[in-house]
Amino acid sequence: MKVESHLLLFMASFGAVIALIYWFFSYDDGGTAMLTAFALLGLLPGGYYFWWSRRMAPRPEDRPEAKQSDGAGVVGAFPGSSIWPFVLGLGAAMTALALVFGFWSAIFGLTLAVSAVIGVIVESRRGGAY
Amino acid sequence: MTLLAERPSPLSHPEEPEHGHEPSGVLNWLTSTDHKVIGKSYTITSLVFFCLAGVMAVVIRTQLASPDGTIVSQHTYNELFTMHGSLMLYLFAGPFAFGGLANYIVPLQVGAPDMAFPRLNALSYWLYLTGGLTMIAGFLTVGGAADFGWVAYAPLSNAVNSPGAGPDMWIVALVLTGFSAIFTGVNIVATIFYLRAPGLTMFRLPIFTWNMLVTAILILVAFPVLTAALILLWCDRHLGAHIFTTTGGGVPVLWQNLFWFFGHPEVYILALPYFGMVTDVLATFSRKPVFGYRGMIFATISIGALSTAVWAHHMFTTGVVLLPFFSLMSYLIAVPTGIKFFNWIGTMWRGSLHFTTAMLFAVGFLIVFLFGGVTGVLLAAPPVDFATHNTYFVVAHFHEVLFGSAVFGGFAGLYYWYPKMTGRMLRERLGQASFWFMFIGFWVTFLPQYLLGLHGMPRRIAEYAASEGWTGLNRVSSVGAYLLFISVAIMVVNFYISWRRPIVASGNPWDGQTLEWAAASPPVHHNFTWLPPVRSERPVWDFNHPEHTTQQHRQSDHATDGLVGVATTGFTDTGEESE
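Which chain is which? The protein sequence lines are A and B, in order. Heads up, the final residue of the first sequence is numbered 287 in my numbering, and it's a clean run with no missing numbers. Heads up, the final residue of the second sequence is numbered 645 in my numbering, and it's a clean run with no missing numbers.
Okay, chain A solo, but in the shape it has when bound (with noise of 0.2 angstroms):
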């Protein structure tokens, strides 16, 4: 975990030190506006991973020396086939729609994505088939 913290806590630095040179630089809002959210951007994630990478032992991924059967067991849950994506996915696309052909493609849409949301929250709670 300390890799993965350091390469993101790297992002924020690099876009902290650029935001404040280009600011100091040029007194521009905007491009100090975007390089700082970029700063911030690297800091959350970073800073969270950091947080937890003090706090844990090294994980097999983490150890140049692991053997795969230090990894053995479950690696984690992964949904089988589903439908819901293609309709979420679908009702997306027919609300984002409404912006070009007037409300009625947002009902459609709407529809289908609320249907979907509850189908996939339904599907992950019964752990089964669609």
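Bear in mind the hints are in silico, worked out from the structure with no lab data behind them. There's no promise every hint is true.
Unchecked claim - Computed footprint of chain A on chain B; a stretch qualifies when at least three of its residues, placed anywhere within it, have a C-beta under 8 angstroms from a C-beta of chain A:
(1) 193-207
(2) 263-275
(3) 429-437
(4) 521-531
(5) 579-587
Treat the numbers as computed from the prediction; the structure is a model and nothing was measured. Beta carbons: idealized from backbone N, C-alpha and C, even for Gly.
Position chain B against the provided structure of chain A, taking the given hints into account.
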């Protein structure tokens, strides 16, 4: 079914785990959350968009082949170059890398059973497909597709200058594909951080995976800015906002600032994945570890970081940006890129080179991208930029950079991983023919465009007078475009032949070095039945060649190679990894 994936170990049972009923055919395409199915869908969809955009380019070149071209009207011409750029950049070059190949290969390279968020991954694909179709569907509207260039500069993109549904559909399409890219970015970062195999530390990841990690972070930096800017543009067009207008307190150049704060990291989002592919291909077909492995990673990180601070070098001629700052930052990018070139050459140096099609495309990338990079350094100098801005010189430059990476680098990756993705080999002879058509066609197309730019031919013009003296070079350039068309056609034939008359590929046909070659071709459900021990950045090579492992290679380098040995050691053998 929710499946509990077991991590494979030497002790686990070799038979496939129970994974319930999985649908097949169209239903599988619609419902699958397997990164391999989604990765393949992404790859095929993006290649279809690539072919469409390529046909548009051929029409554009035919129009320009003679003075006062009359193949298409000026309005149609504007739509064509806009959609050519939009399709190539938003729907091909990016998604082909991070949605297609990365989606398929990154979980394999880190030894994971799937992406970290499989359903989010599927949603990414559907947003990408619906967004792409929305963009194309702009052609079906009364006013035609968007015609303000792929950068949509204000105030040209406002409701008065670009009325109609086509531009709005373009905006919506980019919002959708933007979200799709963001979701994929989150997925890639989480997969690399949390699903690596035991022993696979960050500094043992293949360079392609490292580059995808930096790319994914850049996606998270850049795409939200574009999405926000697009929403603001829509408000200007429909709600009477005055954000990018010339009247009512608006600032048109703010659009350029927002767009390029997305656009410049985007250029590296389009380049870094292909740098990674080329690195892996060069190492495999040189039968050597990557030269200067850590230097390569630090170069990638520096390019990623610097790319956020160079956006206004696209805006030198607006007269309202800080020339010395952006010029200097742009020059700085040449340093890590130069390190990469040094390391690519070092990887091939005294290697046992195998010139397969993938390797040819990778070497082609080196040559093409070098020229694109050098002209990029020229353009980073404001005096040169003021003279060549908006001419064909710039067109030639960014085609060398983007065609060089996305097409030469991308096809190197595609030829390299095609056996892994399909379990079939492509025909080498056809592949090499398509490479030579592409390599020669590329130079014939784009070298004349440098000269045209220096002779003052502006971008985005539908016709020119014979008295300008641009006819000859334009004609040469158009011939080159037809050669490129032939090259892609040969490649399509190659895919068709491998589909109809398959040559079965083994799990490791190229003597590959990284973990994806430990899986079957194509990999089974949840990818691995077995993983080799990971003791360096090329575990599969170490397992297959115990007489010449990566550690032994480094030691012999150290002893005999003098300067090269010192450089390798300096970049690779520092820190906690030496055993």
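Structure versus earlier hints - violations, ascending order
3, 4 and 5
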